[in-house]
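Enquirer: Sequence order for the protein chains is A, B and C. Mapping of the first sequence onto our numbering: residues 89 to 349, in sequence order. Mapping of the second sequence onto our numbering: residues 1488 to 1768, in sequence order. Mapping of the third sequence onto our numbering: residues 1178 to 1540, in sequence order.
Calculated from the structure, these hints are not laboratory results. Because the structure is a prediction, the values reported are computed rather than measured. Warning: the hint list may mix true and false statements.
[What the hints assert, rightly or not] Computed from the model, here is a short list of chain A residues facing chain B with C-beta under 10 Å:
(1) 101
(2) 109
(3) 139
(4) 204
(5) 235
(6) 262
(7) 304
(8) 307
[Stated by the list, open to error] Cβ pair distances, simulated, as ranges:
(9) A:252 <-> C:1219: 40 to 46 Å
(10) B:1715 <-> A:117: 41 to 47 Å
(11) C:1190 <-> A:342: 46 to 52 Å
(12) A:100 <-> C:1319: 43 to 49 Å
(13) A:252 <-> B:1660: 32 to 38 Å
(14) A:341 <-> C:1291: 38 to 44 Å
Just so you know, even glycine gets a beta-carbon here, dropped at the ideal spot from N, CA and C.
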Amino acid sequence: MDGTYPAGASRGLAWATALYLVLPILIVLPVALTDQRYLSLPEHGISFQHFRTVLTSPAWLGSIWQSFTIAVAATALSVSAGTLCAIGCWRISRRATDLVRVLMLLPLIIPSIVYAIGLYRYFGPLGLLDRFLGVVIAHGVTGIPYVIITVSTALAAFDPRLEQAARGMGASLSQTLRWVILPRIAPGIFSGAIFAFIHSWDELVMVLFIASRDVFTLPRRIWDGINENLDPAMAAVAVLLIFFTLLLLLADRALRRRNEG
Amino acid sequence: MNDTGRVSAGWWLLILPAFLLLVAFYIAPILQVLAISFTDPEPGLGNYERIFTSGSVQRVIMTTLRICLITTALSLLLGYAIAYAITLASPRAKGWWLLAVLVPLWISVLVRAFAWVTLLRRQGLVNNSLMGAGVISEPLPLVWNEFGIIVGMVHYMVPFAVLPMLSSMREIDPRLLAAARGLGASRWEVFRSVFLPLSKPGILAAAVLVFIFSLGFYITPAILGGGKTLMVAEWISLQILDLIRWGLGTMMATMLVVAILVTLAVFSRIVDLRRIFGSGG
Amino acid sequence: MSETRGHALTLREVSKHYGSFTAVDRVSLDVGQGEFLTLLGPSGSGKTTILMAVAGFVTPSAGSILLDGSDITPLPPEKRNFGMVFQGYALFPHMTVADNVAFPLRVRGLSRADRDAKVRAALDLVQLGQFAERLPKQLSGGQQQRVALARALVFDPNLLLLDEPLSALDKKLRAELQEELKALHQRVGRTFINVTHDQEEALSMSDRIAILNHGKLIQHGKPLDLYERPRTRFVADFLGKSNFLEGIARLPTAQGFTLEAGGLNLAVRGTAPGEGARCLLSLRPEKIGLIADGATADNVVEGHILAWAYLGTGYSLRVATPSLGELRVALPAWQATIAPSEGLAVRLGWSADAAVPIEDDAA
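So that you can see chain A by itself, here it is in the shape it has in the complex:
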């Protein structure tokens, strides 16, 4: 039907908001390409020197590699624990698992600063401070909610009778999982993995408390950069990060499209 919705002023506000959301992020691209030595727009031409600085610096490359390996390991932890938990909650009645669901969502609700100071104190005696494993555990545990949400959403569209049928035909629990349930919810698991990965890859607050020298992730290095020397190399890092995130989101979208179509 034509013109059922009122528009008008709200439309202007929506456009302004969209620009407010997107433009500041885009601004780092020209800044990263500046030919100057300080944060500014290009003056005489564009230059890739700041990208070169970042991509040839052992410190930046080391942090990128460290962040990547931590994120991969943490994602593996989140996905395996989260997927199994979501399936369990789905199959067992709703009321009995409501408490578990709420518990699993806590990492989204409780500010990471609270968890960070908790870990700072807790990891000391366990010898996990400033260790790869410590950061993997912290990121892995807090990544579980993302997996649970996406997998639960996938499961909500899954007919429970399929599972009952498989069991009725004599499949064991693990056979049912592998051959019936997991293939059906794979897209949800994949989405959850991407979100858990981005969560770890971007995470800073916990790292500020539980890592110091040996583990120095990319967000940690950016944080130091912002606080100490604001130079265009930072913008170059920001651009690389934005491209990486977009790539992951596109992968997620493409996969969902393929599964829908």
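Here the structure of chain A is known, so what remains is to put chains B and C in place on it, guided by the hints.
Expert: For chains B and C alone, kept in the frame of chain A given last:
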């Protein structure tokens, strides 16, 4: 549901790994550290007395509440405009609007704070171009103050405000709006007496979500506040990392957690929390 | 609300195109004061688009819509003062029944006292006075339908538009509400325009029916006229059931002609096409009777029963005839002189004015 009574223990085993991980490496560290607020420097409620006696504690609480309320109000306003635009956009335009909302959501919060610093600092792009255009003669103080914090926080929170509001707007039957117009209501009246009340659950959910996320927000306020305007999270970090005052820091952390849980508990009677945290089945 | 206060509506060459698709194709129609008109057609026939254009939700691509002679085409829906009952009712879920009914009065700025009085009267009109404080979801489908009616009538609208008002109800309730709606129309004396795909509903409620197909107005008139004198094959087929007889017209006279079909010469009353012209007849199943041996009728054919069904009120027979192919016969139970069985030989007869010459517009 299905035969609950005969669910095999196997299904419970599936829940176990996540449950143990969470209890051992999430709940335990948090409870242990929050307990310090009752024991350090001496056992008792001494740290909590500071809420009523210490001006600096009160100041940080008031600053945090003020910034959070302003952030929530602005995020709801901007988020509503976007969600509304998405609801009435053509399917094609819808995709672009959603992109404008979702991409910022997943871009690193550090990158976004950095972008705002680039734009808003004294020699930043905004001040430079305003001065170049002769609009101002002195740089405006746009960052390292409350203004900067709010600009950055609203930028972070708008997508979170959009999603619950959008989902509740999608549930509104367009025929209701047509019916209202057919019965003689102007566009504005249709919005005010039909669309707005029907989108209220989404607005409430968005308000709760944005408010509780804002309360404990660390990175953006720390970068854009420049250490001059302190919010609760940065204050806690300062107490523990720099001043080694565990009791005071954990007291504030406890208050933060309690404030968030109380907000959720109060609003869970009015708002379906599943609306806030995704479907979850 | 008893005197006739209806308004007259005129559609003049109204068309609506969506890209290359023509939803409504040059439809012209007059709706008289206080008339109950039904737009009848299969889905996709353009009937709902016409109703939405009258309501103001759809802007016609061409043509104009006039109310009592003045052009209302450019008016937005809220300025037309038309009551509308939507498919699925579109009751506001966050308002009570009384607030729903009061809504059109509130947007017109009526005082609370006036509003309350009118709401009470409207709810009494549909016998829902005691449900005023309920929410729509606490009512049954039939009750919700009546709230929608009260809401559409409470502000003395110029017209009442009904979009498939009964389609969400079960069959028995539908029949009940058909009667109620017709009685309501007589009580309030307003012009009603109803859209439906249900021919029974159209026949039982309307003063006049307009039949649409593929966006075109095919025929309009009183239910009886449309049923008895369909103009085309589509109308005969859509409005009830029909047998179709094809042949060549012979010996035209003032009263009628003879149709040469399957080796038979059938007597037909009605306007004769030219000598030798191809001609199609519509013959309603209930116009065919069983003829006892020795008795005569204007037209008689012989055949045997292929299949039969007992429907309570009568029998439905499928009879194979060597000359005219398969014919459907509806036989009232009280007139059945035989007990039907498969293969039973029967003689069928009908009078000369039973079959109607029609246009063949089958796609």
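Enquirer: Please flag the earlier hints that this structure goes against, numbers listed from lowest up.
Expert: 3, 7, 10, 14
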